Amino acid sequence: MSTVFRRSTLVRHGLVFLGLAVVLLVLTSFVFDSFTNYNVTEVAIYAISAAGLTVLTGINGQVSLGHGALMMIGAYTTSVLLTRHPGLPLILMLVASIATTGIAGAIVGLAGARLRGPYLAGATLALAVALPQVPSHFASVFGGNQGLSVAASTPPAFLGSSFAPEQWLAWITLAAALVTFFVLANLVRSATGQRFRMVRDNEVAARLSGVDVARTQVLAFVVSAACAGLAGSLFAYWVSVTSPSGFTLNLSLSLLTAIVIGGLGSLSGAVLGSFILVYLPVWTGGLASSLNLSTNVANNVPLAIYGIVLIGAILVFPRGVAGGVASIVRGVTRVLRSSRGTGPLPAAPEAPSQ
Amino acid sequence: MSSQTPDADPVVLEVAGIDVRFEGVVALDGVSLTVRANQIVGVIGPNGAGKTTLFNAVSRFVTPVAGTITYKGRSLIGLPAWRLAHVGIARTLQGLGLWPALTVLENVVAGAPSRTRLAADLLAWPSSDRHAATLREEAMANLTELGVANRAASYPGALPHGVQKRVIIARALMARPSLLLLDEPASGLSTSDVNELVDLLRSLRARMAIALVEHHVDMVMAVSDSITVLNLGEVIASGTPSEIRANTDVANAYLGQTVAHA
Numbered sequence: 003m004s005t006v007f008r009r010s011t012l013v014r015h016g017l018v019f020l021g022l023a024v025v026l027l028v029l030t031s032f033v034f035d036s037f038t039n040y041n042v043t044e045v046a047i048y049a050i051s052a053a054g055l056t057v058l059t060g061i062n063g064q065v066s067l068g069h070g071a072l073m074m075i076g077a078y079t080t081s082v083l084l085t086r087h088p089g090l091p092l093i094l095m096l097v098a099s100i101a102t103t104g105i106a107g108a109i110v111g112l113a114g115a116r117l118r119g120p121y122l123a124g125a126t127l128a129l130a131v132a133l134p135q136v137p138s139h140f141a142s143v144f145g146g147n148q149g150l151s152v153a154a155s156t157p158p159a160f161l162g163s164s165f166a167p168e169q170w171l172a173w174i175t176l177a178a179a180l181v182t183f184f185v186l187a188n189l190v191r192s193a194t195g196q197r198f199r200m201v202r203d204n205e206v207a208a209r210l211s212g213v214d215v216a217r218t219q220v221l222a223f224v225v226s227a228a229c230a231g232l233a234g235s236l237f238a239y240w241v242s243v244t245s246p247s248g249f250t251l252n253l254s255l256s257l258l259t260a261i262v263i264g265g266l267g268s269l270s271g272a273v274l275g276s277f278i279l280v281y282l283p284v285w286t287g288g289l290a291s292s293l294n295l296s297t298n299v300a301n302n303v304p305l306a307i308y309g310i311v312l313i314g315a316i317l318v319f320p321r322g323v324a325g326g327v328a329s330i331v332r333g334v335t336r337v338l339r340s341s342r343g344t345g346p347l348p349a350a351p352e353a354p355s356q
Numbered sequence: 026m027s028s029q030t031p032d033a034d035p036v037v038l039e040v041a042g043i044d045v046r047f048e049g050v051v052a053l054d055g056v057s058l059t060v061r062a063n064q065i066v067g068v069i070g071p072n073g074a075g076k077t078t079l080f081n082a083v084s085r086f087v088t089p090v091a092g093t094i095t096y097k098g099r100s101l102i103g104l105p106a107w108r109l110a111h112v113g114i115a116r117t118l119q120g121l122g123l124w125p126a127l128t129v130l131e132n133v134v135a136g137a138p139s140r141t142r143l144a145a146d147l148l149a150w151p152s153s154d155r156h157a158a159t160l161r162e163e164a165m166a167n168l169t170e171l172g173v174a175n176r177a178a179s180y181p182g183a184l185p186h187g188v189q190k191r192v193i194i195a196r197a198l199m200a201r202p203s204l205l206l207l208d209e210p211a212s213g214l215s216t217s218d219v220n221e222l223v224d225l226l227r228s229l230r231a232r233m234a235i236a237l238v239e240h241h242v243d244m245v246m247a248v249s250d251s252i253t254v255l256n257l258g259e260v261i262a263s264g265t266p267s268e269i270r271a272n273t274d275v276a277n278a279y280l281g282q283t284v285a286h287a
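Heads up: the protein sequence lines correspond to chains P and Z, in order.
FYI, the numbering for the first sequence is 3 to 356, going by the working numbering.
FYI, the numbering for the second sequence is 26 to 287, going by the working numbering.
Where hints are given, some of them may not hold.
[Claimed, not checked] Calculated Cβ distances over 10 Å to all of chain Z for the following chain P residues:
{"hint": "1", "residue": "A166"}
{"hint": "2", "residue": "R197"}
{"hint": "3", "residue": "S340"}
[Unchecked claim] Restraint ranges, calculated between C-beta atoms of paired labels, are given here:
{"hint": "4", "chain 1": "P", "residue 1": "H87", "chain 2": "Z", "residue 2": "E48", "range": "55 to 61 Å"}
{"hint": "5", "chain 1": "P", "residue 1": "I105", "chain 2": "Z", "residue 2": "P71", "range": "52 to 58 Å"}
{"hint": "6", "chain 1": "P", "residue 1": "R332", "chain 2": "Z", "residue 2": "T88", "range": "30 to 36 Å"}
Just so you know, these hints were derived from the structure itself, not from any lab.
Just so you know, these numbers come straight off a predicted model, no measurement behind them.
Every residue, glycine too, gets a C-beta built ideally from N, C-alpha and C.
Just chain P, same shape as in the assembly (with noise of 0.2 Å):
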């Protein structure tokens, strides 16, 4: 059993992720409130095309401001689908977004591959600020400026009249949300994620070791195009609405400071950045109104409070929160061991990319 523990990638990963399938179930069903639920979806919804990203920027190296861009993509697919074909199953939705969002990160992937550094960043920032320009331009597919109502995904009949429409969002989310951080976690530690990190760190021994460098590039493009169409398709479940305001500049950017904070090409750190991302306003919102401050304060309290804690992050974890929570574990379990005197010497440390 431990031999194929340790040999087999998809009996390890899969366990694991079984685990925390369980755990996400329980918590959803008989810990979290509505409320609650209703926020974890978004954090959710976020980790999917914060993972995507990080495939891309952290593990690629290629940067891209323009994530923001793609799950738009993915959300207004779901959303005419929707609209045209209000019976079609939720699944369906998922995988015709993943599919677009995958196309189009093909084209600009095929872009990228031909530009670098700053130049793709103002490629893709430029498909950031031009994408949501499109719907009002053909409002009688995308719905305008007003945007396309997107019809809840009803709980199955089994589960009840009563059963929550939250809950069944977050079930969906966090299902979509695992597998996607199942297959992920699986590209990453591959042969397949190893040529993402040689394209990144050095193309010319890439290519002299057999990989084609352009392919590579648009090949992680697409992957991480296809998480964030389908964060797009479930953030346009969770929104209700599908419309440009939902996909500004401000998006792609947060997405990007998420996996910053986070910890670059770090999967975890993805979800701790999203988490982030979610709950930092939340908390500074409630600590802001619980001062009795005046309303202008009070309202930049929130603002502050983020640009303090994301400087404060950089600085304190420059390799993000994960790579800042596995170094303290390192640290404390040599210091464990050589109090005891008695373990083994510290393993190798884990690899700067991981």
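Given the coordinates of chain P, assemble chain Z onto it according to the supplied hints.
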């Protein structure tokens, strides 16, 4: 080359009369080079002679404006650079080019040219694990051959230069090359390391053709079966080490009296 008999080992690489220009500057002018199986060919010349440009032309980083480059009878011109490892041409870089974020073992495994198996990798299919395990075994065998298997778990940045040099050769061997191109393999090595490198190249010669670009003339003289001397982008001599040693043009070039030659 003059010293080769007609029934010698088959030609692996044939560079014939290539011209390379960089924005009008002539980097290589009618350069030819023949590398046969089980042969070590050294390319020497003063700084700026075009040695690395010649390698860059063979490994498809620059495209010559004239001349042909054939590998096992097939033209290399038109082939993308990344394909070379797949057809059995491996090259090391002067600047090492190890991946600092990967362990030594991972760096060597990375040298194996393989197809992307996206679906299997996304689903962590057992075939993906098996493939990775096979490559790790081969990489360990290469590290063992190079005498640095004990460094497999280290990160390259922490290793002495001599060990890193061995790791990049181990990585190049993952392509199971028929032609191994070594860019300055002896640079920065101690005398004893250079001697071990010479022994290593002689043992590798049984399995492949080797071409090396090198500043360390004594090392090239010791190890090469044939030597080509470049100066200012042109071949000024080629032949066996003893022929090159006796060549006055070569001596002049190395003394810097190149104007007289031109």
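A quick look at each hint next to the structure:
no., hint, result
1, A166, "holds (33 Å)"
2, R197, "violated (7 Å)"
3, S340, "holds (21 Å)"
4, P:H87 - Z:E48: 55 to 61 Å, "holds (58 Å)"
5, P:I105 - Z:P71: 52 to 58 Å, "holds (53 Å)"
6, P:R332 - Z:T88: 30 to 36 Å, "violated (49 Å)"
Violated hints, in rising order: 2, 6; the structure is consistent with all others.
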